[in-house]
Amino acid sequence: MSDFNELTTEPIDIAAVARRLVPPECGATVTLDGYARRFTKDKATGEVRETEYLVYEAYEPMALKEMAKLASQAKSQFEVSAIGIVHRLGRLEIGETSVVISVAAPHRKAAFAACEWLIKELKRTVPIFKKEVYADGEAWSEGDSEDSF
Amino acid sequence: MSDFNELTTEPIDIAAVARRLVPPECGATVTLDGYARRFTKDKATGEVRETEYLVYEAYEPMALKEMAKLASQAKSQFEVSAIGIVHRLGRLEIGETSVVISVAAPHRKAAFAACEWLIKELKRTVPIFKKEVYADGEAWSEGDSEDSF
Amino acid sequence: MMVQVLFFGAVADAAGIREVEVEVAAGVTAGELVESLKAKHPGLAGQKLLIAVGQEYVAASTPLEPGCEVAIFTTVSGG
Amino acid sequence: MMVQVLFFGAVADAAGIREVEVEVAAGVTAGELVESLKAKHPGLAGQKLLIAVGQEYVAASTPLEPGCEVAIFTTVSGG
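Chains as they are written, first to last, in this note's numbering: chain A, 49 to 197; chain B, 49 to 197; chain C, 479 to 557; chain D, 479 to 557.
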């Protein structure tokens with residue numbers, strides 16, 4: 049059972065991602081499906097902003113390398129058997145899936161923990177960039193990286 | 049966006065469950081896909097047992113009531129927008145999905161926490177019963193309920 | 479008075495039945511019904527049992543109503 | 479020596495370019511290259527920048543090799 053990491057400009061089929069990972073020693077797959085949200089509340093002002101669509105771009109070869117590193121780190125930290133990560137690029141309409149992370153494990157606890165860790169780290173280290181387009185403008189999203197200089 | 053709780057003897061389409069829940073204020077859906085495991089390690093002896101197939105039965109009207117209670121409790125405890133729970137009944141081949149729990153939330157943290165809480169509680173309170181069939185016998189699975197008498 | 483008793487999973491196998499109508503004295507409790515069922519169906523002895531009346535979990539001390547639906551099972555094991 | 483510089487996301491918009499070949503002195507560090515790019519592309523000033531060389535994150539003090547691929551971007555925002 050091999051892991052997979054992919055970037056695609058096509059719509060992502062969540063079930064196809066999740067069901068590529070069913071090792072015989074496993075009993076649970078936890079899947080995070082992240083998608084384009086129409087309404088976002090500003091944490092500071094409480095104001096609600098409406099997004100029209102998103103555009104993602106990536107430094108593709110490095111993004112794939114970083115995704116593979118995360119999968120390998122997750123497998124050394126958590127008791128999980130297989131990991132699939134697929135990230136969408138290009139223009140995404142509201143409600144379309146931007147990222148799917150599926151983790152199969154013998155027991156669900158490790159699958160939950162690894163999946164949550166993977167999405168946190170993906171948002172911090174994988175060179176993918178999100179532009180939010182509103183009715184009256186657009187903005188590149190600010191991410192979570194800490195090691196910038 | 050309404051929640052749903054279902055019991056079915058048909059194979060479960062994970063993506064169809066997850067994608068019935070995409071409220072416009074949401075950005076993440078976390079899905080637990082539980083399925084029939086072929087190999088199970090006995091925690092006490094370390095021995096590995098091979099399962100041929102599973103049979104689930106339920107006290108159906110009560111199971112649906114308990115599932116609805118769990119969804120309602122989860123929505124009061126976690127910041128989540130929608131919950132879908134589908135449990136399979138009847139005979140399941142190895143690798144087939146027995147339960148899907150999908151939780152959509154504005155932010156992923158609450159979705160992970162609610163999904164993990166829901167499966168733990170489902171295994172404790174919802175009257176569904178699993179029989180494991182081996183090459184040389186069968187056994188009803190022991191669950192996690194504590195309030196028996 | 480009559481009550482309807484449903485058995486599930488391991489309990490149905492142990493009792494050898496899935497459903498039965500039982501005549502009980504007025505005011506009998508859920509726990510007392512379970513004890514009388516254990517006496518009748520020795521396979522139930524030693525099992526940890528959960529009991530639901532009207533599709534809600536109840537304590538052993540809960541008195542039964544005429545015509546109620548009582549369900550008996552061991553620890554649940556869905557998921 | 480020549481190095482290849484790639485810009486992504488907000489940094490590409492701020493610099494007004496996505497890719498450029500740059501002549502740098504031998505032994506120049508990643509951080510020094512970023513400073514010289516900030517001088518040339520004022521839009522980059524004040525941005526938090528990450529830098530990767532050969533598709534690996536590097537510290538500002540890392541010396542560049544001839545012909546290497548340098549990528550510059552702000553905090554990533556996938557997911």
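If you're looking for bench data, these hints aren't it; they were derived computationally from the structure. Each hint should be verified, as a subset may be incorrect.
To be verified - Here are the simulated PhoX-like pairs of lysine-lysine, each with C-alpha atoms no more than 25 Å apart in a straight line: (1) K516(C) to K526(C); (2) K179(B) to K526(C); (3) K123(B) to K123(A); (4) K113(B) to K168(B); (5) K179(B) to K123(A); (6) K91(A) to K179(B); (7) K123(B) to K526(C); (8) K157(A) to K91(A); (9) K117(A) to K157(A); (10) K157(B) to K117(A); (11) K516(D) to K526(D); (12) K516(D) to K179(A); (13) K117(A) to K117(B).
Said to hold, decoys possible - Sample of chain A residues facing chain B (criterion: CB under 8 Å; computed from the structure): (14) F52; (15) T57; (16) P72; (17) T77; (18) L80.
As the list claims (entries may be wrong) - If we take Cβ atoms under 7 Å as the criterion, some of the chain A residues that face chain D in the derived model are: (19) V147; (20) K157; (21) V174; (22) W188.
Glycine included, C-beta positions come from ideal geometry on N, C-alpha and C.
Consistency of the hints with the structure:
no. : hint               : in the structure
1   : K516(C) to K526(C) : holds, 11 Å
2   : K179(B) to K526(C) : holds, 17 Å
3   : K123(B) to K123(A) : violated, 32 Å
4   : K113(B) to K168(B) : holds, 17 Å
5   : K179(B) to K123(A) : violated, 31 Å
6   : K91(A) to K179(B)  : violated, 49 Å
7   : K123(B) to K526(C) : violated, 31 Å
8   : K157(A) to K91(A)  : violated, 30 Å
9   : K117(A) to K157(A) : holds, 22 Å
10  : K157(B) to K117(A) : holds, 23 Å
11  : K516(D) to K526(D) : holds, 11 Å
12  : K516(D) to K179(A) : holds, 22 Å
13  : K117(A) to K117(B) : violated, 41 Å
14  : F52                : violated, 17 Å
15  : T57                : violated, 19 Å
16  : P72                : holds, 4 Å
17  : T77                : holds, 4 Å
18  : L80                : holds, 6 Å
19  : V147               : holds, 5 Å
20  : K157               : violated, 23 Å
21  : V174               : holds, 5 Å
22  : W188               : holds, 4 Å
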